[in-house]
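**Student:** Chain residues, written in single-letter form:
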Amino acid sequence: MLSEGEVVFTPEELERYDRQIRIPEFGIEAQVRLKRKRALIIGVGGLGSIISIYLTRAGVGKLLLIDRDKVSITDLNRQILYTHEDVGKYKVKVAIKKLSEMNPYVDVDGVRDEVNENNVDDYVREADIVIDGLDSFKTRLIVNDSCVRFKRPFIHGAVNGFNGQVMTIMPLKGPCLRCLIPKEPPEEKHIVPVIGVTPAIIGTIEALEAIKIMTGLGEPLVGYLLVVNGLHGYFRKFKIARKPNCPACGEKR
Amino acid sequence: MIVNDSSMRLYVRFYARIKEEMGREAVNLNVKGSAMNIIDLLRILSKDKKMRKGTLIDYYLQGKLLIAVNEEIIRRNEEGKLILKDGDIIDIMPLPSGG
Chain A
1 MLSEGEVVFT PEELERYDRQ IRIPEFGIEA QVRLKRKRAL IIGVGGLGSI
51 ISIYLTRAGV GKLLLIDRDK VSITDLNRQI LYTHEDVGKY KVKVAIKKLS
101 EMNPYVDVDG VRDEVNENNV DDYVREADIV IDGLDSFKTR LIVNDSCVRF
151 KRPFIHGAVN GFNGQVMTIM PLKGPCLRCL IPKEPPEEKH IVPVIGVTPA
201 IIGTIEALEA IKIMTGLGEP LVGYLLVVNG LHGYFRKFKI ARKPNCPACG
251 EKR
Chain B
254 MIVNDSSMRL YVRFYARIKE EMGREAVNLN VKGSAMNIID LLRILSKDKK
304 MRKGTLIDYY LQGKLLIAVN EEIIRRNEEG KLILKDGDII DIMPLPSGG
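Line by line, the protein sequences are chains A and B.
The first sequence begins at 1 in the numbering used here and counts up one residue at a time.
The second sequence begins at 254 in the numbering used here and counts up one residue at a time.
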């Protein structure tokens, strides 16, 4: 595992990260911490495109992507990893190629799979942080529960239309996704309408939260739900309390 | 004889699809009496002429809404315990699910 050994940068690699290393709070220390981390992104659609691009460019050590789908033409208004000629190809395959081209210093890997109760622990156990690029609360809650079991930070994000939300989960230190949503709402019967800018905003905030946690900088959105209203141009932060009787992270679990 | 004419003012803000369905961004409510919880409030709002009858309370019971009182999300299944008071600001938001 990367965190065991010494982190070595080539001169070119250091040059690649020059502008962020110059941020006083960031520096070479944060760059080293980032390179030691393994991030897991579940779902490489609208949110996952943005999250994976920014974590790759920031220089995370290892990135694992999971998605079972192929690129469809209806994805192209928002899933900016893919282009017209990628329609019909598996997302994970295209994503690995494009991200590796963006930054050959990041170890990008992917699995064509659907996350469920049976396989979730195998993926979460191997990761230092898990980031939500999913489109269903059923799967989000499965991932949340596994992140609580293995005490892995989990960044939640979701979108609809011009609106979205972000919540950062540090298991047992703050509320988890089940403290907010104890049980999944009924599956959305209709196709979720969305314009590309919305997952771009939400995905970028998720990537920022992931970078903060991996580097130990700033104050992550733990105990808060950040709600973004694109059309009216405001961000609002709501407090979320930890639920003592939460089925995932509560005392009686 | 003591006349109980207590009433309270609540400010309710609607988000995204709920705002479209209610036809406005916010409403100032003057409610007679006291000891009202979120479910009572949703029942009152569900009678609103502009909204299809009962939709709001149905959405909530199906887990499709997030509700905050004074910028703190209220816990599901515990909404009955939280008694609203004069001056409270309530936010009613649909839960986005896309990715």
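One or more of the hints may lead you astray.
To be verified - Chain A is faced by these chain B residues, among others (derived, beta-carbon under 8 Å):
1. Ala269
2. Ala279
3. Asn281
4. Asn283
5. Arg296
6. Lys300
7. Gly316
8. Ala321
9. Glu324
10. Glu325
11. Arg329
12. Asn330
13. Ile342
14. Met346
15. Gly352
These are calculated hints, taken from the structure and not from any lab test.
Using N, Cα and C, we set each Cβ at its ideal position, and we do this for glycine too.
**Student:** It remains to establish, for every hint, whether it holds in the given structure.
**Tutor:** The hints, checked one at a time:
1. Hint status for Ala269(B) relative to chain A: holds, with the closest Cβ pair at about 5 Å, below 8 Å.
2. The interface hint given for Ala279(B) is broken, as the beta carbon of that residue sits about 12 Å from the closest beta carbon of chain A, more than 8 Å.
3. Interface hint status for Asn281(B): violated, as the beta-carbon distance to the closest one in chain A is roughly 19 Å, over 8 Å.
4. Against a cut-off of 8 Å between C-beta atoms, the interface hint on Asn283(B) is violated, since the closest Cβ of chain A lies about 25 Å away.
5. This hint is violated: Arg296(B) has a C-beta 20 Å from the nearest C-beta of chain A, more than the 8 Å allowed.
6. Below 8 Å, beta-carbon pairs count as interface contacts, and Lys300(B) has none with chain A, the closest being about 24 Å; its hint is therefore violated.
7. Satisfaction of the interface hint for Gly316(B) is found here, the shortest Cβ-Cβ separation to chain A being roughly 4 Å, below the 8 Å cut-off.
8. The closest approach between the C-beta of Ala321(B) and any C-beta of chain A is roughly 5 Å, which is under the 8 Å cut-off, so the hint is satisfied.
9. A least Cβ separation of about 5 Å between Glu324(B) and chain A falls short of the 8 Å threshold, and the interface hint therefore holds.
10. Annotation: interface hint on Glu325(B) holds; nearest CB of chain A at approximately 4 Å, less than 8 Å.
11. Checking Arg329(B) against chain A by beta carbon gives a least distance of about 5 Å; that is within 8 Å, so the hint holds.
12. At its closest, the beta carbon of Asn330(B) sits 7 Å from a beta carbon of chain A; the interface hint therefore holds under the 8 Å criterion.
13. For Ile342(B), the suggested interface contact is broken, since its CB lies about 11 Å from the closest CB of chain A, more than 8 Å.
14. Checking Met346(B) against chain A: minimum C-beta separation of about 6 Å stays under 8 Å; hint holds.
15. For Gly352(B), the interface hint holds, the least distance from its beta-carbon to any beta-carbon of chain A being 4 Å, beneath 8 Å.
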